[in-house]
Amino acid sequence: MISDAARRRYQAIVPPHVDDAYALARWLSGDPADAEDIVQDAALRALNALESANVERPRAWFLRIVRNTALTWMAKNRSKSLAFAGDADDLAAIEAVDLADDVSPEAILIAAEDGERVRRALAALPAALREALVLREINGLAYREIAEATETPIGTVMSRLARGRAALAKMLEDKR
Amino acid sequence: MSDSNPRRDRHLRLNAALDDELDAAHRIDLERELERDPQLRASLRRLSVVREAVRRHGAPEAAPATLRNAVAAIGRPKVNRWRLPLSLAACVAAGIVIGAAAQALLSASRAADPVAAAVVADFARAELSDQPFQVASSDRHTVKPWLVAHAPLGVEVADLADKGYPLAGGRIAVVGATPVPTLVYQRREHWIALTELPLPLGDGALETRQGSLDGFHLVRWADRERAYVAVSDIDADELAAFAAAFRAAAAAGGGEAR
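Chains A and B, in that order, give the protein sequences. So in numbering that gives the first Met the number 0, spot 130 of the first sequence is number 129, and the numbers just go up one at a time. So in numbering that gives the first Met the number 0, spot 177 of the second sequence is number 176, and the numbers just go up one at a time.
Don't read these hints as lab results, they were simulated from the structure. Quick reminder that beta carbons are idealized off the backbone N, C-alpha and C, glycines included. A hint or two may mislead.
Claimed, not checked - Computed footprint of chain B on chain A; a stretch qualifies when at least three of its residues, placed anywhere within it, have a C-beta under 8 Å from a C-beta of chain B:
no.	region
1	24–36
2	128–140
As the list claims (entries may be wrong) - Here are the simulated distance ranges between beta carbons:
no.	chain 1	residue 1	chain 2	residue 2	range
3	B	Ser136	A	Ile153	50 to 60 Å
4	B	Leu43	A	Arg118	35 to 45 Å
5	A	Ala11	B	Asp19	49 to 59 Å
6	A	Asp30	B	Asp19	31 to 41 Å
7	B	Arg187	A	Ala74	17 to 27 Å
8	A	Ala74	B	Asp236	52 to 62 Å
As the list claims (entries may be wrong) - Take a look, some chain B residues computed to stay more than 12 Å from chain A by CB distance:
no.	residue
9	Arg12
10	Asn14
11	Ala23
12	Ala52
13	Gly74
14	His140
15	Ala148
16	Thr177
17	Pro197
18	Arg246
Same shape as in the complex, but just chain A (with noise of 0.2 Å):
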């Protein structure tokens, strides 16, 4: 049974990030209708913990729930040879990105133009890399924010986004 004070608190929490949440399963399952699951089982997660939790930064707090509710959901409904953030052929993806020092501004704004373009690259970030960039330039979360809802440290978000934006670098460079 749920109280009224966790239903107050999930009314508060919940609905008003509900876009956010989307965006996010979006991008981390890459299916629109999957994305509405994700988010309609997350929100049940999320008003269940509140009854004992306690939030501190509300939309991390959510957002974090969507994230682990599409990691489950996808080692269930998808195959095993998809990688998803954490494992290891990702992370040894992360490592092998480039900094793309080389890679000149002017060589990548034919490119960022093209949504089409910039989208299929997202894409096709090893998914750690991506989640760090969607939750920062999509979701609009702080460091401290994107680490509380990735459980990881700060140093990694950073590392991540680094190498997140220099491998989109790479694959937007127009090479002449």
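Based on the hints, put chain B in the right spot on chain A.
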């Protein structure tokens, strides 16, 4: 992270500057470095281009209304108490009823008559619940203020106890996105739900019309200010008699208009 790598550390600082996460002292240091180093300035511009690209093209559209409604419904106590499946709660909130093909209702299909669909769904849901009203009282002076406080309509509550329809309580139904006051009268062991609609939702036709949907009977009518729809599982003639009694009482001022 502890192994020292000046090139990587510089990148991290550059990213942190872009994200407005550098403290003042580091920001001043970095600004000096940027003045001296064209390569670093190019790196910062590259990062800005990437950031803008992701912000402009990466944001998906807003969450669909069905998801928004479902998420809001999860936190609503009455929905949980009634143990509705999530999908049904979402559909009811959206003013849509799921189910088999629509029966004719007032010669209109379900899709063409979302009002009837919504009030029937509300009635069916209330039947399933252990508490078919949100305010339980046979006293119209208790029911009316509660409804007025919860829905933006002038509520007319007629006292029909001597006609065999004692008032049992009231609740708020939702038609589309509009909360509408609903009176619950009792007829033997059955309920009759009478929902008051703002005229844009009712069609404004003054004559009484009967219909049915999903095994429930409906009667609709309107006066100059409001439209009404009554729903029940009592038989059609009995429901029509109830509607006539309510209209007569309201016209005679037996209720309390406003």
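Each hint tested on the structure:
1. 24–36: holds (count 4)
2. 128–140: Check passed, 5 qualifying residues.
3. Ser136/B <-> Ile153/A: 50 to 60 Å: holds (57 Å)
4. Leu43/B <-> Arg118/A: 35 to 45 Å: Hint violated: Cβ distance 24 Å, outside 35 to 45 Å.
5. Ala11/A <-> Asp19/B: 49 to 59 Å: 27 Å Cβ-Cβ, so the 49 to 59 Å window is violated.
6. Asp30/A <-> Asp19/B: 31 to 41 Å: holds (33 Å)
7. Arg187/B <-> Ala74/A: 17 to 27 Å: violated (55 Å)
8. Ala74/A <-> Asp236/B: 52 to 62 Å: holds (59 Å)
9. Arg12: violated (9 Å)
10. Asn14: Its Cβ does come within 12 Å of chain A, the nearest being 5 Å, so this is violated.
11. Ala23: Correct as stated: the minimum Cβ-Cβ distance to chain A is 16 Å, above 12 Å.
12. Ala52: Violated, because the least Cβ-Cβ distance between alanine 52/B and chain A comes to about 4 Å, which does not exceed 12 Å.
13. Gly74: violated (4 Å)
14. His140: It holds; histidine 140/B is separated from chain A by about 27 Å at its closest Cβ, greater than 12 Å.
15. Ala148: holds (19 Å)
16. Thr177: holds (19 Å)
17. Pro197: holds (25 Å)
18. Arg246: holds (39 Å)
Comparing the model with each numbered hint stated earlier shows that hints 4, 5, 7, 9, 10, 12, 13 do not hold.
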